[in-house]
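Asks: In case you want the letters, here they are:
Number of protein chains: 2
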Amino acid sequence: MRIIIDAMGGDNAPQAPVEAGCKASNELDVDIVFVGKEEILVKELNKYSYNKERVSIVNAEDVITNHEEPAKAVRSKKNSSIVVAANMLKNNEGDALLSMGNTGALLASGLLIVGRIKGVLRPALATLLPSAKGPKMLIDAGANTNCKSENLVQFAIMGSIYMKNVMGIASPTVGLMSNGEEEGKGDELTKETFPHLKNAPINFIGNIEGRDVMEGTADVVTCDGFVGNVILKTVEGMGSVVGNMVKDMFTKNISSKIGALFVMKSINAFKQSMDYREYGGAPLLGTKKPIIKGHGSSDAKAVYSAIKQAKKFVETNIIDEIIKNVSNMEEKSND
Amino acid sequence: MRIIIDAMGGDNAPQAPVEAGCKASNELDVDIVFVGKEEILVKELNKYSYNKERVSIVNAEDVITNHEEPAKAVRSKKNSSIVVAANMLKNNEGDALLSMGNTGALLASGLLIVGRIKGVLRPALATLLPSAKGPKMLIDAGANTNCKSENLVQFAIMGSIYMKNVMGIASPTVGLMSNGEEEGKGDELTKETFPHLKNAPINFIGNIEGRDVMEGTADVVTCDGFVGNVILKTVEGMGSVVGNMVKDMFTKNISSKIGALFVMKSINAFKQSMDYREYGGAPLLGTKKPIIKGHGSSDAKAVYSAIKQAKKFVETNIIDEIIKNVSNMEEKSND
Numbered sequence: 027m028r029i030i031i032d033a034m035g036g037d038n039a040p041q042a043p044v045e046a047g048c049k050a051s052n053e054l055d056v057d058i059v060f061v062g063k064e065e066i067l068v069k070e071l072n073k074y075s076y077n078k079e080r081v082s083i084v085n086a087e088d089v090i091t092n093h094e095e096p097a098k099a100v101r102s103k104k105n106s107s108i109v110v111a112a113n114m115l116k117n118n119e120g121d122a123l124l125s126m127g128n129t130g131a132l133l134a135s136g137l138l139i140v141g142r143i144k145g146v147l148r149p150a151l152a153t154l155l156p157s158a159k160g161p162k163m164l165i166d167a168g169a170n171t172n173c174k175s176e177n178l179v180q181f182a183i184m185g186s187i188y189m190k191n192v193m194g195i196a197s198p199t200v201g202l203m204s205n206g207e208e209e210g211k212g213d214e215l216t217k218e219t220f221p222h223l224k225n226a227p228i229n230f231i232g233n234i235e236g237r238d239v240m241e242g243t244a245d246v247v248t249c250d251g252f253v254g255n256v257i258l259k260t261v262e263g264m265g266s267v268v269g270n271m272v273k274d275m276f277t278k279n280i281s282s283k284i285g286a287l288f289v290m291k292s293i294n295a296f297k298q299s300m301d302y303r304e305y306g307g308a309p310l311l312g313t314k315k316p317i318i319k320g321h322g323s324s325d326a327k328a329v330y331s332a333i334k335q336a337k338k339f340v341e342t343n344i345i346d347e348i349i350k351n352v353s354n355m356e357e358k359s360n361d
Numbered sequence: 027m028r029i030i031i032d033a034m035g036g037d038n039a040p041q042a043p044v045e046a047g048c049k050a051s052n053e054l055d056v057d058i059v060f061v062g063k064e065e066i067l068v069k070e071l072n073k074y075s076y077n078k079e080r081v082s083i084v085n086a087e088d089v090i091t092n093h094e095e096p097a098k099a100v101r102s103k104k105n106s107s108i109v110v111a112a113n114m115l116k117n118n119e120g121d122a123l124l125s126m127g128n129t130g131a132l133l134a135s136g137l138l139i140v141g142r143i144k145g146v147l148r149p150a151l152a153t154l155l156p157s158a159k160g161p162k163m164l165i166d167a168g169a170n171t172n173c174k175s176e177n178l179v180q181f182a183i184m185g186s187i188y189m190k191n192v193m194g195i196a197s198p199t200v201g202l203m204s205n206g207e208e209e210g211k212g213d214e215l216t217k218e219t220f221p222h223l224k225n226a227p228i229n230f231i232g233n234i235e236g237r238d239v240m241e242g243t244a245d246v247v248t249c250d251g252f253v254g255n256v257i258l259k260t261v262e263g264m265g266s267v268v269g270n271m272v273k274d275m276f277t278k279n280i281s282s283k284i285g286a287l288f289v290m291k292s293i294n295a296f297k298q299s300m301d302y303r304e305y306g307g308a309p310l311l312g313t314k315k316p317i318i319k320g321h322g323s324s325d326a327k328a329v330y331s332a333i334k335q336a337k338k339f340v341e342t343n344i345i346d347e348i349i350k351n352v353s354n355m356e357e358k359s360n361d
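Respectively, the protein sequence lines represent chains A and B. When you read off a place in the first sequence, starting at 1, and then add 26, the result is the number in my numbering. When you read off a place in the second sequence, starting at 1, and then add 26, the result is the number in my numbering.
Keep in mind that the hints were calculated from the coordinates and are not lab data. There may be inaccurate statements among the hints.
Identical copies go unnamed one by one, so any copy, or any two together, can satisfy a pair.
Computed cross-link-like contacts, SDA-like style, restricted to lysine to any residue with a CA-CA straight-line distance of at most 20 Å [to be verified]: (1) Lys98 - Glu207; (2) Lys69 - Asn38; (3) Lys273 - Gly242; (4) Lys116 - Arg101; (5) Lys103 - Asp55; (6) Lys174 - Lys211; (7) Lys297 - Gly269; (8) Lys174 - Lys217; (9) Lys283 - Phe296; (10) Lys291 - Lys314; (11) Lys116 - Ile344; (12) Lys98 - Gly210; (13) Lys217 - Arg142; (14) Lys327 - Glu53; (15) Lys291 - Thr277; (16) Lys297 - Ile345; (17) Lys217 - Glu207; (18) Lys174 - Leu215; (19) Lys116 - Ala97; (20) Lys116 - Met271; (21) Lys273 - Gln298; (22) Lys297 - Asp213; (23) Lys224 - Thr199; (24) Lys297 - Ser266; (25) Lys211 - Asn52; (26) Lys217 - Gly130.
Construct all of the structure, not just a fragment, from the sequences and the given hints.
Replies: Below, the structure written as structure tokens:
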């Protein structure tokens with residue numbers, strides 16, 4: 027198996043992707059292709075031990091930054107690391123693609139270069155969020171701002187397949203994000219979607235509310251990408267603010283620093299349970315081949331988790347199962 | 027000044043509202059009218075010291091529970107505490123109304139009985155949320171599931187007036203909740219709303235994202251009630267889950283319990299900064315007279331904060347200022 031890594035994307039590129047990829051080449055029984063400026067990558071590679079038979083570099087002169095308009099950048103920057111990597115994936119020069127770079131550009135590359143699975147109206151970004159009951163999936167977490175009910179139903183199906191295969195949950199529960207639990211609650215989109223989810227080949231448990239995200243009420247939370255983006259960023263923002271507050275709590279004065287020594291183990295367990303790095307990246311579900319978006323601020327540890335996740339994405343039969351489950355849904359024009 | 031309290035609403039009724047109202051009668055220079063089952067309230071009142079010249083009871087035989095369909099219940103249960111209280115407010119038998127009961131029933135009573143300010147298309151529920159920079163307002167937090175851009179503009183104006191008068195912020199900043207900071211980002215509603223907010227008599231700072239809620243980027247966060255409800259409940263759910271985790275952290279074993287002793291002061295400061303009870307309730311903005319929704323789980327301390335808040339709502343000229351600012355906006359049919 028060969029994993030293509032956009033080595034230029036993310037706040038800690040190229041260090042984090044290269045360090046993690048080298049480690050993976052030694053430990054994970056995968057080949058790694060780094061895509062990016064060769065000169066820079068050769069220099070970076072020299073810092074780490076890696077399996078020389080399993081690591082290669084493909085040169086890409088350009089980089090799409092976070093400030094560029096995604097679709098336009100993908101169309102114009104043919105030699106950017108993301109575009110080169112996506113073309114390699116399309117041409118079967120690798121089995122999965124991982125990038126920590128511009129989210130929109132990765133989505134556009136998935137859609138325009140790698141392509142949708144036949145029958146999938148819109149691929150969706152699926153994020154794993156920490157909860158009181160372990161990691162749960164939020165889909166769509168931001169790929170599709172405006173959605174129709176058919177989209178949400180497909181998100182729910184694809185999310186269920188992923189959680190079953192990658193997280194090992196036999197029959198993942200699916201909740202529809204709404205502003206009330208009762209069936210009649212919701213906006214136009216969720217009210218229209220509810221009966222379709224009831225009839226879909228999933229374990230639908232009905233409407234859920236914002237508090238259910240962290241409580242872990244459903245294994246898969248489905249919503250449009252606008253709401254999903256707001257939830258994801260609200261949770262991230264709160265995590266960061268509360269994290270700082272807890273840190274302040276233990277560094278305020280001598281007394282609290284002594285206190286910290288006694289609860290160090292608990293603090294670390296708490297931090298770990300809230301650590302997005304444990305869960306890898308966000309898979310893009312609905313494209314013909316596996317694509318994973320790593321968090322922009324990923325360090326080497328987070329990239330390594332995402333590589334393991336990409337491997338599992340390839341090994342399990344997620345894409346085949348998505349093909350099987352959506353092929354019986356009539357494809358409709360949805361632009 | 028006379029504050030009408032629905033003494034039957036909320037998880038801790040009648041104890042919490044009665045205890046808080048009694049304290050307010052002694053300390054706040056306000057008259058308190060408790061509305062509810064007289065027999066029960068007389069018994070509860072006997073448990074506390076209160077100012078006999080300032081406290082009275084108005085009998086209401088019925089209660090609208092949290093499980094009833096709000097608009098229907100308000101229409102059919104004429105003798106429920108919320109409906110009796112709303113009619114008293116309408117008939118100038120009090121200056122403000124506070125309820126910890128069924129949110130939908132309170133909103134319906136505000137709309138159907140107390141009535142909208144002329145020119146206000148839709149009253150909105152405005153919640154104060156904790157942030158890294160102190161309490162910030164989320165409006166609409168759930169009163170209006172489907173909104174138009176005119177609604178959001180009015181929410182922003184009313185929210186700004188409230189934050190100026192009650193929180194003492196000279197020129198409150200307003201952010202439009204979206205899925206990206208750039209002007210072009212958003213769904214149909216936010217894209218349409220953006221230019222109108224630019225021209226509104228407010229301190230508009232543009233689009234904001236979910237993470238800005240907790241970071242406190244804007245004093246007023248405006249959005250439709252569906253998104254607002256999702257944000258509010260996501261934050262509440264996360265607060266409760268993280269709170270339990272922090273608690274577990276300090277009660278796990280002997281070592282962590284000793285540690286807790288050293289950081290007790292910091293823990294309490296942390297809890298206080300995250301404590302909704304400090305901020306009172308959620309004002310309903312846009313009705314002819316002040317209405318405040320206290321949190322359903324309010325204890326006496328939270329109800330007392332909400333009474334102080336109701337007093338400030340009456341004392342400052344919020345309603346006059348809303349009348350002045352929306353009277354020059356043409357009233358449009360909006361149902």
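Asks: Which of the numbered hints above does this structure break?
Replies: Violated hints: 5, 10, 13, 16, 20, 22, 25; rest satisfied.
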